[in-house]
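Asker: With the hints as a guide, dock the two chains, each given alone in a separate frame, to form the complex.
As they're listed, the protein sequences go chains A and B. Taking the working numbering, the leading residue of the first sequence gets 1, the next gets one more, and so forth. Taking the working numbering, the leading residue of the second sequence gets 1001, the next gets one more, and so forth.
Derived from the structure by calculation, the hints contain no laboratory data. There may be inaccurate statements among the hints.
When the alpha-carbon atoms are kept at most 30 angstroms apart in a straight line, the in silico DSS-like pairs for lysine-lysine are as follows [what the hints assert, rightly or not]:
| no. | chain 1 | residue 1 | chain 2 | residue 2 |
| --- | --- | --- | --- | --- |
| 1 | A | 99 | B | 1072 |
| 2 | A | 99 | B | 1107 |
| 3 | A | 87 | A | 116 |
| 4 | B | 1073 | B | 1136 |
| 5 | B | 1072 | A | 75 |
| 6 | A | 37 | B | 1107 |
| 7 | A | 120 | A | 37 |
| 8 | B | 1072 | A | 116 |
| 9 | A | 120 | B | 1100 |
| 10 | A | 99 | B | 1100 |
| 11 | B | 1162 | A | 113 |
| 12 | A | 99 | A | 120 |
| 13 | B | 1136 | A | 87 |
| 14 | A | 75 | B | 1107 |
| 15 | A | 99 | A | 87 |
Examples of chain B residues lying across from chain A (beta carbon under 10 angstroms, computed) [claimed, not checked]:
| no. | residue |
| --- | --- |
| 16 | 1015 |
| 17 | 1044 |
| 18 | 1048 |
| 19 | 1063 |
| 20 | 1064 |
| 21 | 1071 |
| 22 | 1074 |
| 23 | 1075 |
| 24 | 1077 |
| 25 | 1081 |
| 26 | 1085 |
| 27 | 1091 |
| 28 | 1092 |
| 29 | 1133 |
Predicted, not measured: the structure shown is a model, and the values here were computed from it. Where a beta carbon is used, it is the ideal one built from N, C-alpha and C, also for glycine.
Okay, here's what each chain looks like letter by letter:
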Amino acid sequence: MRRFSILSYGFSALLFAALPVLAADQDVIDYREAVMKIFNEQTGALGQIASGVVPDDNLVTHMQVLAMTAQTALKAFEPKVPGGEAKPGIWSNWADFSKRMTEFAQQSAAGAKIAKEQGKDAALEQLVNIADDCKDCHDTYRQEKK
Amino acid sequence: MYDSPVLNDRPHGSMFRYAARLASYLAGAALLAATILPMTARADDQDTIDYREHIMKTMGAEMVLINQIVQKKAPADGLATFTQGLAMTAATAKSAFATKMAGGEAKPDVWTHWADFSKRLDALAAATEDLANSSKGGDITAAASKVATLGCKGCHDVYRQKTK
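In isolation and in its complexed conformation, chain B is listed as follows (with noise of 0.2 angstroms):
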């Protein structure tokens, strides 16, 4: 190292400015990639919350028209098409959760308690293609039994956080 033309050129005093500099250099360098790099992870973090997020919303709206249907507030005719469209959706909702990303409404505990909550996930899947095969004639009454045996809420209150 001491036979280097570049190190031997300098005095001794300046390897120290020197040694200093890219110290401070490295410690910069750092800084920036602990200010950058996170920034770039919350922005995919985001990503996975909002897409979840979707799919959830998609299903509450699902569910809004069909209370509407089995209380009468609204005409049957669209019954089979939200069944399904909800059934469709809660096939897709374990997938959405796989990733472990806390945030938006959903407890860490989703994810601690994965056997839990999948198994949840799964159930309701079932419960809804049941849903959406009962109700392909239109049948109202056999559609409000099941509907109030799905289970959202159950899940919600172990899983959600309460909404702001």
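In isolation and in its complexed conformation, chain A is listed as follows (with noise of 0.2 angstroms):
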């Protein structure tokens, strides 16, 4: 009995000990969700600019936005924390993935600057590599959504 006191209490302890780390975790999935959502959300209005239902007026704005925060992904992926819709492969194939999102950023960069520079459907075109580069990475390393 007196055993399996012992044990009880040192299990509590360890999970109390996890918790912290645990809410780390979602922490870091949290972050990174909220980076990926700015994409989806910017390139969902890029393409209904794209597709003429909505006035062009916000073009370079959206494309600056998306640019600005495709320098941050790929270290909100750093953190080796499975979970959400990132497949564990990220972090088992980092080099192949590191690459891919370093060039959207580039690409995303390159974006901005084609809006600002020579207007919307240069800006346009460059958007078809951006999406491209998406579309390829998240085949790869995004789990189905269910």
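Answerer: Here is the structure:
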């Protein structure tokens, strides 16, 4: 009985010690999901502009916000915390994933520059390149949405 | 009209049937128009709603990131970027709501009280710009105090449908 009490106390102590770690893991997941959500919403808005269903007044702003946020994305995935929609392959194939994320950051930065300097048509052509980057990476590293 | 060779070739009974057939065609065309035109309008309406939701959800995600940073749950590296992104997006919000289109989470009051609503969005744009400017050097303490006074909740309480 005494041994059982020691074991149960020990287990409880371990559990309480693990709780901050588990909470911290969720913070990491929430952080990177917020970054990805910005991409999702901004590309959604850009897609509407590309389709001509909304005015293009904010094209440059959307491209700039996308590009700025893209510079933070790789770092958001550095903590090795599986969960959310991130496949474990991200960290087991880190060289490939980081190369893709770096390219995405470069393409979106180029897109923001093109939007400001060359206008809508050129920007939307670049948007196609950016969208291809998104899809290729998602096909490999994102869990299917349930 | 009664000198028309077309009409004079028809007996009066078929004239009635002709008129009835014409009336039915016109009624059918009207019914078709009444069905198709609203569908076209609904697609445009949804585009307007979707666009402003993209903007609001972007701001929501930026706030998640900024709050994590000021609560020390995330590294401070991204503070300047996310506050800048928030400010830039906030500056686009008023134009996104300029089209009077109730739907999504926007209460009709947005447009019946446009002067107040647009004033709040102007204030948000100014406050987020101030936040972004003070966050360029990564000052979390300054950012935290400014985040607390952005006024998102006050506007949502009045103008946003409760999320289901």
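Asker: Does each hint hold? Answer for all of them.
Answerer: Okay, the hints, checked on the actual structure:
1. A:99 to B:1072: Holds, because 29 angstroms separates the two Cα atoms, which is no more than 30 angstroms.
2. A:99 to B:1107: Cα-Cα ~44 angstroms, so violated.
3. A:87 to A:116: 35 angstroms, violated
4. B:1073 to B:1136: 19 angstroms, holds
5. B:1072 to A:75: Roughly 16 angstroms separates the two Cα atoms, so the pair holds.
6. A:37 to B:1107: 24 angstroms, holds
7. A:120 to A:37: 24 angstroms, holds
8. B:1072 to A:116: 35 angstroms, violated
9. A:120 to B:1100: Status holds; Cα separation ~26 angstroms.
10. A:99 to B:1100: 44 angstroms, violated
11. B:1162 to A:113: Violated, because 39 angstroms separates the two Cα atoms, which is more than 30 angstroms.
12. A:99 to A:120: 28 angstroms, holds
13. B:1136 to A:87: 34 angstroms, violated
14. A:75 to B:1107: 38 angstroms, violated
15. A:99 to A:87: 16 angstroms, holds
16. 1015: 48 angstroms, violated
17. 1044: OK, holds: residue 1044 of chain B within 10 angstroms of chain A, min 7 angstroms.
18. 1048: 7 angstroms, holds
19. 1063: 9 angstroms, holds
20. 1064: 4 angstroms, holds
21. 1071: 9 angstroms, holds
22. 1074: 5 angstroms, holds
23. 1075: 8 angstroms, holds
24. 1077: Check passed: Cβ of residue 1077 of chain B comes within 7 angstroms of chain A, closer than 10 angstroms.
25. 1081: 5 angstroms, holds
26. 1085: With Cβ-Cβ at 5 angstroms, under 10 angstroms, it holds.
27. 1091: Interface hint status for residue 1091 of chain B: holds (7 angstroms vs cutoff 10 angstroms).
28. 1092: Since chain A brings a Cβ to about 5 angstroms from residue 1092 of chain B, closer than 10 angstroms, the hint holds.
29. 1133: Violated: closest Cβ of chain A sits about 15 angstroms from residue 1133 of chain B, beyond 10 angstroms.
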